[in-house]
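**Student:** Each residue of the sequence shown is one higher than the one before, counting from 1 in my numbering.
No wet-lab data here; the hints were simulated from the structure. It is possible that some hints are incorrect.
[Stated by the list, open to error] In silico DSS-like cross-links for lysine-lysine, where the CA-CA straight-line distance does not exceed 30 Å: (1) Lys313 / Lys409; (2) Lys41 / Lys139; (3) Lys519 / Lys573; (4) Lys165 / Lys42; (5) Lys337 / Lys419; (6) Lys519 / Lys556; (7) Lys167 / Lys156; (8) Lys302 / Lys386; (9) Lys8 / Lys139; (10) Lys302 / Lys337; (11) Lys428 / Lys337; (12) Lys139 / Lys313; (13) Lys41 / Lys167; (14) Lys519 / Lys386; (15) Lys312 / Lys238; (16) Lys8 / Lys313; (17) Lys428 / Lys42; (18) Lys57 / Lys139; (19) Lys312 / Lys302; (20) Lys156 / Lys302.
[Claimed, not checked] Pair ranges (Cβ atoms, derived): (21) Gly163 / Pro455: 53 to 61 Å; (22) Asn332 / Glu429: 50 to 58 Å; (23) Gly499 / Gly338: 23 to 31 Å.
Remember, it's a predicted structure, so these values are computed and weren't measured experimentally. Ideal Cβ positions, reconstructed from N, Cα and C, are used throughout, including at glycine.
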Amino acid sequence: MKVMGTPKIVLTADRTLMSPYRGLSLATFFGCAPALDPHRKKNSFWYKILGNQVTPKILFDFICNYIPHTNGVANYAPYGLRKLEAGLLRDGFSRQDVVIAHPDHIEQFIGPETEVIGTYEMDPLGMGPVTMTFTYGRKQISYDEFYNTELHYRIKAAKAKTGSKAKVISGASGTWQYNYDPEKIEEFGIYAVLEGELGGIAPEIDGHAGRFFNYLINGDFENMDPFRKRSDFKVNIKEFERNGKKIHARFVNFWSRPDMDEIPNIIEPSMHGMVEVMRGCGRGCKFCDVTLRSLRYYPPEKVVQEIEVNMKKGGATSAWIHSDDIFVYGMNPRTAKGMEPNREALEELFTAIMSTGVEHTNPTHGTLAGAIADEKLLPNLSKIIKASADNFIGVQVGFETGSLRLIEKYADRKLAPYKPEEWHWVVKEGVKTMNENYWIPAFTLIMGLDNDETPEDSWDSIRLISELEHEQPDSMFTATALTFVPIGLLEQSDFFNIGNEMTAAQLGVLYKTWQHNLKYGIKKFMTKTGAKGPQRLFFNALARTLGGIPLGAMEKYARRKSKEHERVIEIIKAKYW
């Protein structure tokens with residue numbers, strides 16, 4: 001591709017979203033790691049060794065390797081950016097009008113002719129659940145926030161240098177975070193923040209990309225009109241007060257729920273060989289924003305077309321299949337009252353995926369209930385996708401909590417067709433069935449769910465994980481405890497502040513999950529997943545070496561915090577190890 005100079009529309013994302021992470025399993029979460037501790041004492045041992053660095057930058061930059069580029073144009077990009085690019089080209093913008101810039105070469109595409117700079121942001125201010133956990137409630141600065149800040153500073157400097165009047169708009173599923181730290185909007189020079197209607201869900205602007213960007217270029221988002229009738233967008237000039245100063249910021253809501261034929265196919269390769277097979281979920285978990293999105297399915301031929309783009313233009317040999325619950329694919333919510341999987345639709349989908357010639361495929365997300373609701377489903381799918389002891393299938397699964405009270409209150413349909421009182425059985429049977437068919441669930445738990453979690457709820461989670469380990473000693477799963485973040489139907493709730501509000505029992509959940517991942521995940525089966533080759537063995541050795549550090553840090557924290565925190569750690573060591 002030739003150098004384009006300064007196109008009308010420049011799209012980009014920060015480094016943490018534009019890295020293949022050397023093909024390492026789950027390494028895409030590494031951007032959530034703490035980068036800097038602004039509160040570290042200068043006379044401390046660690047300050048003398050690393051300064052303010054927490055996770056050494058040399059280590060992060062090595063694992064978070066750069067994607068290749070061609071004259072500054074990114075050879076790969078996040079799937080959402082690729083959809084937007086395809087929508088703009090379909091809707092009348094020329095190839096010279098639109099570029100997805102490599103974050104390290106953003107400056108060469110910003111000039112007087114540039115009208116819009118769009119930044120794709122998943123966790124711009126480090127407020128995502130994983131990041132809030134790793135940074136103790138944002139007491140430290142994550143690499144997600146560090147590199148997003150760096151990107152905006154570079155865009156701002158390039159605009160000043162070239163005299164560009166381009167409007168910077170931030171979009172994607174992380175922009176809700178600017179409501180909690182609006183000073184950043186002014187600091188970064190953001191013209192507008194694109195946000196959804198409810199619960200933090202990102203608008204689907206790819207279906208009507210041309211219309212949205214023409215509104216932006218033509219100045220239709222300049223002013224708030226309180227009398228505007230609801231049609232396709234609304235501008236909200238929000239007022240915030242911070243430290244006695246009033247801050248005004250422009251937020252744009254864009255209503256676009258495109259039909260399947262309005263969603264464009266990607267035309268250039270996406271990161272990690274990702275393709276989408278559906279939108280929405282239908283499970284109705286109150287703490288999740290995806291459930292607010294209407295349910296639609298890609299036909300298999302549309303999925304195949306996008307995989308072929310990744311293979312032919314990006315050299316992909318695997319397909320990462322994005323959904324929010326793969327076992328919902330093809331289900332008719334009007335007839336499947338118990339959310340029973342549509343086995344025939346899933347078999348047709350994965351048969352089509354494998355017909356492309358990919359060597360490996362795995363879905364991003366699934367549910368345990370969906371995996372076991374049809375006893376023939378997982379064996380049949382595993383046969384189609386050639387799952388084996390040499391080809392494990394990793395999938396992220398919501399464990400959420402071991403508490404029957406909380407699961408019934410906040411996520412009862414996650415268990416459908418089963419009942420909340422069957423949750424522990426579903427978890428155990430789900431792990432057993434997945435492992436038997438060479439699937440490995442990567443569990444996520446929610447700490448402080450809606451600030452409603454009692455110590456007994458926390459102990460329920462610890463006991464359930466321990467029971468899994470002892471009843472199924474050869475089981476393979478990881479478990480990651482995340483802090484509650486107010487999105488979805490709970491967007492009016494408060495953050496769970498792990499740095500200030502973590503009870504002794506909640507520390508126990510964090511301790512138990514990390515102990516499990518070190519003892520079972522890193523030491524038993526980490527070498528069986530992710531990219532093959534010497535890098536897998538190298539990073540497993542690194543994980544074994546460093547994996548015990550967080551456990552030691554939590555033990556030290558418990559001794560400093562209280563006798564009760566220390567007692568919980570000792571109980572876990574004695575009874576749940």
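**Student:** Which of the listed hints are broken here?
**Tutor:** 1, 4, 9, 12, 13, 15, 17, 20, 22, 23
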